[in-house]
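Trainee: Here the protein sequences line up with chains E, W and C, keeping their order. 12 is the number that numbering that gives the first Met the number 0 gives to position 13 of the first sequence; each next residue is one higher, with no gaps. 218 is the number that numbering that gives the first Met the number 0 gives to position 219 of the second sequence; each next residue is one higher, with no gaps. 79 is the number that numbering that gives the first Met the number 0 gives to position 80 of the third sequence; each next residue is one higher, with no gaps.
Here are a few chain W residues that face chain C, going by a calculated C-beta distance under 7 Å:
| no. | residue |
| --- | --- |
| 1 | ALA166 |
| 2 | GLN169 |
| 3 | ASN170 |
| 4 | LEU176 |
| 5 | VAL177 |
| 6 | ARG180 |
Over the 10 Å line for every Cβ pair with chain W, so calculated as not near, a few chain C residues:
| no. | residue |
| --- | --- |
| 7 | ALA65 |
| 8 | GLU67 |
| 9 | LYS126 |
| 10 | ALA167 |
| 11 | GLU183 |
| 12 | GLU184 |
| 13 | ASP226 |
Read the hints as simulated data drawn from the structure, not as lab findings. We put the CB at the ideal spot given by N, CA and C, even for glycine.
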Amino acid sequence: MATSEPLTASAAAAATLALLEGQRPATAPEQVPAAVSLPTVTVTAAPTSDQRKRTPLWIWGAALAAAAIVLLGGKGGLISNFTYLQLSLVLVYAIAVLGLNLLTGFNGQISLGHGAFFAVGAYTAAILIDRYDVSYLLALPAAALVCFVAGFLFGLPALRLEGHYLALATFALATTVPQMLKYRHIEGLTGGVQGINLIKPDAPFGVALSSDQWMYLVVLAMAVLMFWLARNLLDSRPGRALMAVRDQPLAASTMGIDIARTKAITFGISALYVGVAGALHAIIFEFVSPDSFRFDLSVALLVGAVVGGIASLPGALIGGLFVQVIDKYADALTKMLTESVHLPLELEPWTIYGVLLIALMYVMPGGVAGGLAGLARRWKMRAP
Amino acid sequence: MEQLLQQIASGLASGAIYACVALALVMIFTATDHLNFAQGEMAMFSTYLCWQFMQSGLGFWTALAATVALSFLIGVLIERFILRPLAGASVLSSVVVFIGLLAIFHSLAGGIWSHTIKQFPSPFPSTTLGAGIIGGHQIGMVAVTLVMLGLLFSFFRFTSLGLAMRAAAQNPVSARLVGVRVDWMLALGWGLAAAIGAVAGAMVAPVVYLEPNMMTSVLLYGFAGALVGGISSPGGAVFGGFLVGVIENLVAYFGNLTEKLFGVYVIGNGEKLTVALIIVITILTLKPAGLFGRVITKRV
Amino acid sequence: MAALLEVEGLKAYYGASEALHGIGFTLAQGGITTILGANGAGKTTCLRALAGMVRRLGSIRFDGRAIERLATEDIARLGVAHVPEGRGTFTGLTVDENLRVAAHTRRDAAAVRDDLERVFAYFPRLKERVAQQAGTLSGGEQQMLAIGRALMLRPRLMLLDEPSFGLAPLVVQEIFRIMRRINEEAGVSVLLVEQNAALALDLASEAYVLETGTVVLHGRAADVKKDEGIRKSYLGY
Chain E
0 MATSEPLTAS AAAAATLALL EGQRPATAPE QVPAAVSLPT VTVTAAPTSD
50 QRKRTPLWIW GAALAAAAIV LLGGKGGLIS NFTYLQLSLV LVYAIAVLGL
100 NLLTGFNGQI SLGHGAFFAV GAYTAAILID RYDVSYLLAL PAAALVCFVA
150 GFLFGLPALR LEGHYLALAT FALATTVPQM LKYRHIEGLT GGVQGINLIK
200 PDAPFGVALS SDQWMYLVVL AMAVLMFWLA RNLLDSRPGR ALMAVRDQPL
250 AASTMGIDIA RTKAITFGIS ALYVGVAGAL HAIIFEFVSP DSFRFDLSVA
300 LLVGAVVGGI ASLPGALIGG LFVQVIDKYA DALTKMLTES VHLPLELEPW
350 TIYGVLLIAL MYVMPGGVAG GLAGLARRWK MRAP
Chain W
0 MEQLLQQIAS GLASGAIYAC VALALVMIFT ATDHLNFAQG EMAMFSTYLC
50 WQFMQSGLGF WTALAATVAL SFLIGVLIER FILRPLAGAS VLSSVVVFIG
100 LLAIFHSLAG GIWSHTIKQF PSPFPSTTLG AGIIGGHQIG MVAVTLVMLG
150 LLFSFFRFTS LGLAMRAAAQ NPVSARLVGV RVDWMLALGW GLAAAIGAVA
200 GAMVAPVVYL EPNMMTSVLL YGFAGALVGG ISSPGGAVFG GFLVGVIENL
250 VAYFGNLTEK LFGVYVIGNG EKLTVALIIV ITILTLKPAG LFGRVITKRV
Chain C
0 MAALLEVEGL KAYYGASEAL HGIGFTLAQG GITTILGANG AGKTTCLRAL
50 AGMVRRLGSI RFDGRAIERL ATEDIARLGV AHVPEGRGTF TGLTVDENLR
100 VAAHTRRDAA AVRDDLERVF AYFPRLKERV AQQAGTLSGG EQQMLAIGRA
150 LMLRPRLMLL DEPSFGLAPL VVQEIFRIMR RINEEAGVSV LLVEQNAALA
200 LDLASEAYVL ETGTVVLHGR AADVKKDEGI RKSYLGY
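Put together the whole structure using the sequences plus the hints.
Mentor: Here it is in structure tokens:
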């Protein structure tokens, strides 16, 4: 089965995750995929491996189209800088939702606190750039590393926690982070309640792009890289171990997968994704403050993951789009709703989030991506 | 010394509130194995209802009684119409639904009553006792909590409905076999939890003021209390609630003391939530069964 | 004698798989009937289907009334007391509470107290342990508690699933003796599922033998017991 995979890709993924292999007996590995093929008991839509293999084309196509937007739209003045910022934010949230998907969708660990890692990534980048004059291109990997370590360390004690308890621990983390950021002794670094102001970087080498256009390209490149890495991770042996832990923990451990280690590393990787998103957000938004990272953010990411499809890579993109659209247009949307139905109160974005979350659990537990895939399957079956 | 006593007294007072919330959480957990992340927001919403009743001219206690009744009804309806259809769904689905409820209650409260902070009256005299060690409202909080706990205890101990609820929570299959309508017991449990939350909200609102975020730290401390006592033990939850209330205040006290003695700020009221987080993580990792709870074994 | 329970074409399902393939039998008022068969023959499923604990199709008439669509708790309230495999006692409640919970809908405290005394008359050991947590009881005592709890429902029919499971022979004999008394004195009909066929045939008057979800044999318990061929081929002793 390994021959059908792009060789370099799986090698890269395997290298990043070589740690996972550590304690596996030499005889076991070939049996690991068997655990994955066992029937799953979760409600999440687990994509089959051939589904996953089709995604990269889709992603590359989308990326090319997205890059073309810059060259055509920007040059013709059709797309404003503001719109580029919006598009960038969609991609940023998509990366964050993807990180949450890896943990919750593919590894089965529920996190209500990924806003915390988003904040850590954002602050790491902001502090490095503002206080230490580090280039944003170096701040990104630094934020990724810091978040991986933070996620791994948080994941270590959290590993012993099942389902609800992990949700509770992360819930507590998410509600606490804004307060921790205001801690008096780190005010020198974090700027306390004021936060940190940044300046958006210009395009290098005198390239004729506005900084919003340039950052859009940077974010796009990062998004493609992160999606590419995620896909290859999931197709690699460690990736299958990661899903086996979700589906059949007992079987996985008898086959030599170190569950604790797999979970902690997945937590770290997931935090890394969210941290990169947070860092990008800080740079393009030019500002971080404790109150940008309240529990709302964790809820928004969860909504994005659930709406897009909790175990779906393309779903993360839908989720990112959704988070940004609701964030941006909720006020307008609710105003419209309020006026058209004559509601006696002002609806807020959270109301939409809440209703959608609950409704989706009823009608589309696989998210929009899962729902579309289901429709496509039905349509195919009906077609001759 | 006097300051220390003062801190312990106010710790017990806020502990009373945490005990209520912890008890509400334990009630839903023992019946359904779910942690209700929306418990705090439901209590906050109830408190707004109480405020609304008072605005329309009702006295404090009448308004509270009406609120408790209405909250009970809301709890029952939530169980029957939102959670019932998802019975047997995955942990993720239930957590997501609870977060959905949290978001709805939070935003509805903001939408209906706005996010500006409101005063909430205390029904208790503002005199202090014991040379200023404990205030009238604090004594009232503790008294109301103890009375409510006593009522609940009697209900579960001495009435056949309470017995049926305990049986349903312990072993729903066997409970059905002896004719207990388990579904209704779950709804009843939700109703009671919502009613307890309403009382907790109305008691804490004069202290923290009325606003949509008022229950955030209360909920976190409620969780901490429930975990300390063991999430499946009602008595433990009450004890745990009082304990974390005292811990919270002692931390602030000693933080203050070190700052005064050594001139170094380590910890204070600004780290309230962080303290709760530390308690939660510590208990979850070191003693997940709490001090009195049974060990939760995982079914594979 | 009028039939208390009439079952026709009863099918039962675990998820999508059919575990009972349309069985039928009747149970006489005041009688003791046993259902025998090897492991996995569908005996327990049959009782669970009668008690409304699994998805089922077919007709179940209890005292002339169709109960195949009723919920478990409503069937129990009609007077069909199921004593499940593994006893299902409320381990965190006391013995007293375990018994009382089965009478939780009844308002008449004096009548409930009388019923309690009757249970203690059958099982004096439960009276000695009345304030103990059920989880601290021995296996035999738990079985007694489960039967006692069923009695508190004032049942007309008791569905007994493997009462001998995991118990010492002497305890089993005691429990079976008491079951006969309950049947005779309180007039409770019994449908008994039992691995120990010899014991069950001693107690019962009628016997059905199940094999892979269908009735393969029906007869008077005494006849089944005498017939060596049946014993050898179906009951394995």
